[in-house]
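Undergrad: Sequence:
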Amino acid sequence: MKIEKRGNGYRIRKMFDGKMYRVTVDYKPTNKEALQLLAEAVTKDRLPDPHFTFNTMAKKYIAIKENVLSPSTIRNYWSILKNISDEFKETRKSEITAVLVQEEINLYAENHSPKSTRNLHGFIAAVIKMYIPGLVLTTTLPQKEKPDIYIPSKYEIDKLMAKAKDTRYEIPLYLAMCGLRRSEIFALTLDDLKDNILTLNKAVVLNSENEKVIKTTKTTSSNRTIVIPEYVACLIKDKGFIVPKNMPIESLNKWLAKTQDQLHIHHFKLHALRHYFASTLSKNGVPEADIMHLGGWATPHVMKAVYRHSMLDKDLEAKQNAINSIFK
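Number 117 in numbering that gives the first Met the number 0 belongs to position 118 of the sequence shown; there are no gaps in the numbering.
Heads up, some of the hints might be wrong.
[What the hints assert, rightly or not] Here are the simulated PhoX-like pairs of lysine-lysine, each with C-alpha atoms no more than 20 angstroms apart in a straight line:
hint	residue 1	residue 2
1	Lys253	Lys211
2	Lys18	Lys81
3	Lys268	Lys153
4	Lys1	Lys158
5	Lys164	Lys58
6	Lys1	Lys13
7	Lys59	Lys27
8	Lys253	Lys201
9	Lys253	Lys158
What the hints contain is simulated information worked out from the structure, not anything from laboratory work.
Please model the entire structure based on the sequences and the hints provided.
TA: Quick look at the structure:
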């Protein structure tokens, strides 16, 4: 137990059952008084409160984390909270059990992907860890799915770029093929371009009000400088912008979906162009470490998945050529 002077008063602190309890008073208490005050705080905390539901705890948790987590993470938390059943959200703190959590996960998993289910459970578990630290969860979660990484073909890329020529989508698509994330593309300004070198040190994300917010990049590895083709650099300078100021973030993927329908090609989002970037460099013999640096990847997980995909394509092509040679 600690008794600390704080301004004009005193704060008593003590860890009990995995949770830190704090009591502030306007006088210096004796050890006996401090223990009594802490005991009252613990008792009050453990009394069933009909108004202290999971929903209340979740909202308090989000509010506490708002200034330390990225706006996009907070936005995701609010989205996850909306997807939790009303019955579970209205469950009182004193009535929440590991069994109830498992039942909520089972219900959600019926109509959602394993990844989405795991994200929802992660949020529930974080809230419970903060407000009911004594509750141990042993939830059985759906098995992880292997990521389905689609790598567009050169044919698909060429068709898309022909459609994008002289539109506001042309530059962002070129930059995505240089390994940039959508959030990085939307954060760029003309000041970030010198000759044909781009400096990447920020990202744009949407907050809980769907407003664009500038934040630091995804990881420290994401801060980097890259060389872009001279043609793209000249295009940026001629147009006087990289992305139009009022261009919605979602507009790129919407344009892609619409154009892919028109061209009758496979559907993929802007992020797939990063896979195309990594796959093309891999096929051209660029070392993995260099590709990771150019693409701003902190870990090699995605890189290895793309590399395996690339090698499988090469293997399949070799087998096909071998079979075809029989009939020549």
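Undergrad: Next step is simple, just say for each hint if it's right about the structure.
TA: Structure-based check of all given hints:
With a C-alpha separation of about 18 angstroms, the suggested pairing of lysine 253 with lysine 211 holds against the 20 angstroms cut-off. Annotation: proposed proximity of lysine 18 to lysine 81 is violated, straight-line Cα distance about 27 angstroms (limit 20 angstroms). Straight-line distance between C-alpha atoms of lysine 268 and lysine 153 comes to about 15 angstroms, which keeps the hinted pair within the 20 angstroms bound. Of the supplied pair hints, the one linking lysine 1 and lysine 158 is violated, its CA atoms being roughly 68 angstroms apart against a limit of 20 angstroms.
The hinted pair formed by lysine 164 and lysine 58 fails the criterion: a straight-line CA distance of about 46 angstroms is larger than 20 angstroms. Distance restraint check for lysine 1 and lysine 13: the Cα-Cα separation of roughly 6 angstroms lies within the 20 angstroms cut-off, and the hinted pair is therefore satisfied. Proposed proximity of lysine 59 and lysine 27 is contradicted: the alpha carbons are some 30 angstroms apart, above 20 angstroms. With a CA separation close to 24 angstroms, the supplied pair lysine 253 and lysine 201 exceeds the 20 angstroms bound.
Proposed proximity of lysine 253 and lysine 158 is supported: the alpha carbons are some 17 angstroms apart, at most 20 angstroms.
Comparing the model with each numbered hint stated earlier shows that hints 2, 4, 5, 7, 8 do not hold.
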